[in-house]
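Engineer: Residue-level listing of the chains:
Protein chains: 2
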Amino acid sequence: MTASQAKPLIAIHGGAGTMSRSLISATQEQAYHAAMRVIVLAAQQLLAGGGSALDAVSLAVDMLEDCPLFNAGHGAVFTHEATHELDAAVMDGATLRAGAVACISRVRRPLRAARAVMERSEHVLLVGAGAEAFAQACGLELVAPDYFSTELRREQLERALAADSTLLDHDAPALSFVGAHSGAAPIDEERKLGTVGAVALDERGNLAAATSTGGMTNKRVGRVGDSPLIGAGTYADNRTAAVSCTGTGELFMRSVAAYDLCARMAYAGQTLDAAAQEVVMKVLPAMGGRGGLIAIDARGNLSMPFNTEGMYRAFARLGETPQTAIFG
Amino acid sequence: MTASQAKPLIAIHGGAGTMSRSLISATQEQAYHAAMRVIVLAAQQLLAGGGSALDAVSLAVDMLEDCPLFNAGHGAVFTHEATHELDAAVMDGATLRAGAVACISRVRRPLRAARAVMERSEHVLLVGAGAEAFAQACGLELVAPDYFSTELRREQLERALAADSTLLDHDAPALSFVGAHSGAAPIDEERKLGTVGAVALDERGNLAAATSTGGMTNKRVGRVGDSPLIGAGTYADNRTAAVSCTGTGELFMRSVAAYDLCARMAYAGQTLDAAAQEVVMKVLPAMGGRGGLIAIDARGNLSMPFNTEGMYRAFARLGETPQTAIFG
Numbered sequence: 001m002t003a004s005q006a007k008p009l010i011a012i013h014g015g016a017g018t019m020s021r022s023l024i025s026a027t028q029e030q031a032y033h034a035a036m037r038v039i040v041l042a043a044q045q046l047l048a049g050g051g052s053a054l055d056a057v058s059l060a061v062d063m064l065e066d067c068p069l070f071n072a073g074h075g076a077v078f079t080h081e082a083t084h085e086l087d088a089a090v091m092d093g094a095t096l097r098a099g100a101v102a103c104i105s106r107v108r109r110p111l112r113a114a115r116a117v118m119e120r121s122e123h124v125l126l127v128g129a130g131a132e133a134f135a136q137a138c139g140l141e142l143v144a145p146d147y148f149s150t151e152l153r154r155e156q157l158e159r160a161l162a163a164d165s166t167l168l169d170h171d172a173p174a175l176s177f178v179g180a181h182s183g184a185a186p187i188d189e190e191r192k193l194g195t196v197g198a199v200a201l202d203e204r205g206n207l208a209a210a211t212s213t214g215g216m217t218n219k220r221v222g223r224v225g226d227s228p229l230i231g232a233g234t235y236a237d238n239r240t241a242a243v244s245c246t247g248t249g250e251l252f253m254r255s256v257a258a259y260d261l262c263a264r265m266a267y268a269g270q271t272l273d274a275a276a277q278e279v280v281m282k283v284l285p286a287m288g289g290r291g292g293l294i295a296i297d298a299r300g301n302l303s304m305p306f307n308t309e310g311m312y313r314a315f316a317r318l319g320e321t322p323q324t325a326i327f328g
Numbered sequence: 001m002t003a004s005q006a007k008p009l010i011a012i013h014g015g016a017g018t019m020s021r022s023l024i025s026a027t028q029e030q031a032y033h034a035a036m037r038v039i040v041l042a043a044q045q046l047l048a049g050g051g052s053a054l055d056a057v058s059l060a061v062d063m064l065e066d067c068p069l070f071n072a073g074h075g076a077v078f079t080h081e082a083t084h085e086l087d088a089a090v091m092d093g094a095t096l097r098a099g100a101v102a103c104i105s106r107v108r109r110p111l112r113a114a115r116a117v118m119e120r121s122e123h124v125l126l127v128g129a130g131a132e133a134f135a136q137a138c139g140l141e142l143v144a145p146d147y148f149s150t151e152l153r154r155e156q157l158e159r160a161l162a163a164d165s166t167l168l169d170h171d172a173p174a175l176s177f178v179g180a181h182s183g184a185a186p187i188d189e190e191r192k193l194g195t196v197g198a199v200a201l202d203e204r205g206n207l208a209a210a211t212s213t214g215g216m217t218n219k220r221v222g223r224v225g226d227s228p229l230i231g232a233g234t235y236a237d238n239r240t241a242a243v244s245c246t247g248t249g250e251l252f253m254r255s256v257a258a259y260d261l262c263a264r265m266a267y268a269g270q271t272l273d274a275a276a277q278e279v280v281m282k283v284l285p286a287m288g289g290r291g292g293l294i295a296i297d298a299r300g301n302l303s304m305p306f307n308t309e310g311m312y313r314a315f316a317r318l319g320e321t322p323q324t325a326i327f328g
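First to last, the protein sequences are chains A and B.
For reference, each letter of the first sequence is one residue, going 1 to 328 in my numbering.
For reference, each letter of the second sequence is one residue, going 1 to 328 in my numbering.
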């Protein structure tokens, strides 16, 4: 089957982490399934109309950022200083063009800022106030920093500060388990590896990937994780795969996880799934890395491995019913 | 030959770019050779005393940062706003630990800040004020931002602003050639791809890599290039290679150049030199990328390819006379 014969496909993730299914209601769980279904349906419709993979991942991540259930955009976690620092990246597998922003706090839609960097600057990565000034110059919507705040995220910060935990985004052993508060989520929010992302294949056989995150609750100000780094948390190349990762970012950075998957396909001849499984089930765990990724290739293959107990994920092929899942 | 039997080795670079040999005096050229010789001799001595590869690259980059001839630390170029934004990264090939800082303007020795991130934080990359606060908390020396300024770099900014060039760090065609001012350098400073870096192999067979840069003259505030990004401008893994890049950073980011070299060795079975040549002479030029890299493996092989007319570079094996070079 040649690339152009594969059905267009969208896949998304909303973070990975430790399960707490027993602590939440079926209603709460269904809210996540419903949110993901709406998002993949919208991207599926865009692809059905001949839209590009790049536009499909942009739309999906826009919607994931806007949804307060996920740690990106509105609903992003707080830093140690009770601020928000948002990161995002996008990559076009057809041209290997890429754009990213990190440590921004005033741009409503971080992924759109990343795409503006890709399309309207000579650079790939802009950070902080310089990135915000660029986004503003591009006409993107700015918001007051507290736009991103939600009561749930503020409660998480307060608990993290009380526990004196400096790294809450994985299973911090010092933390007591807190899952019974109002707003409990299927994946323990205190231990969730919070990031959202999307990968897509369009009717022309082009791939794209996008990732956006609010980072880790109580993180050090100025910390940049894997999400906005091309090759670490995000990569797309028509010849191999489109990849978006979620997990303990530093390990994905040190192992260059997204690009490693592509390199295994390009140089070792591994299939998409074999490469994805190696990265998530062998390379990362050997270093202490936890999380998962979503990956597709130009032949329409899909792989969504994770080494945690759950990962919010969904996908839809053209003309088929969307599938959503949370647990293993 | 096993790894531990290879002679310890240090290699450094001081940027790559367009030649202007005809415009400078032999005296000026010799200043660069002399500076590089002093630096590799110091690192060679450290390795001879049983020092680690990590300490050798740290020492070499410390000295390159302090030398005003090179665009890193003191002597860094100016941003569009006439400020300095410095980036640095270090990686330990034995453990795959890594640390990096970006967009800092008040830490005297950016590479030491990167190493502090690696050794004293849970993170890999800190940027901006958060990175500076961390460096200060670690006891690193802070300086006034104008510490990094030199008259030569200010003249370069003024010419760039006059030429309205937004990207001077490669061969900007809009720029008239200016090489005859006092302080002219062997590689045209206006067109130089300015970065410094070092790679080393120690007597235990461990590899390390470090890179530091002042970025591009007249660059947009907040721009982060490849130097501080693990896998793009810097990577080290005992099983494959230690790599430090210099060039048009965005292309090195999009191709994940440093890690690509390592992946070619790991998955395609390429030799160090074959992998380095592929990356620098094929992959990067096909995307419009210009520059070079230095790379060594645990068997003591060395490769220093560049696709520009010159690259400041030097190396020394234990017990051997250092070699320095500028042109092709």
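Just so you know, the hints here were simulated from the structure itself, not pulled from any lab data.
One should not assume that every hint holds.
What the hints assert, rightly or not - To give a feel for the contact side, a few chain A residues facing chain B, derived at Cβ under 8 Å:
#1 Ser-121
#2 Glu-122
#3 Cys-138
#4 Leu-142
#5 Val-143
#6 Tyr-147
#7 Gly-222
#8 Glu-250
#9 Met-253
#10 Arg-254
#11 Met-281
#12 Val-283
As the list claims (entries may be wrong) - A few chain B residues facing chain A, derived, Cβ under 8 Å:
#13 Ala-102
#14 Leu-125
#15 Leu-126
#16 Gly-128
#17 Gly-130
#18 Asp-146
#19 Arg-220
#20 Val-221
#21 Leu-229
#22 Glu-250
#23 Arg-254
#24 Tyr-267
Keep in mind that this is a model prediction, so the values were computed, not measured.
Even glycine gets a Cβ: it sits at the ideal position worked out from N, Cα and C.
Engineer: Which of the numbered hints are not met once you compare them with the structure shown?
Structural biologist: Violated: hints 3, 4, 5, 6, 11, 12, 18.
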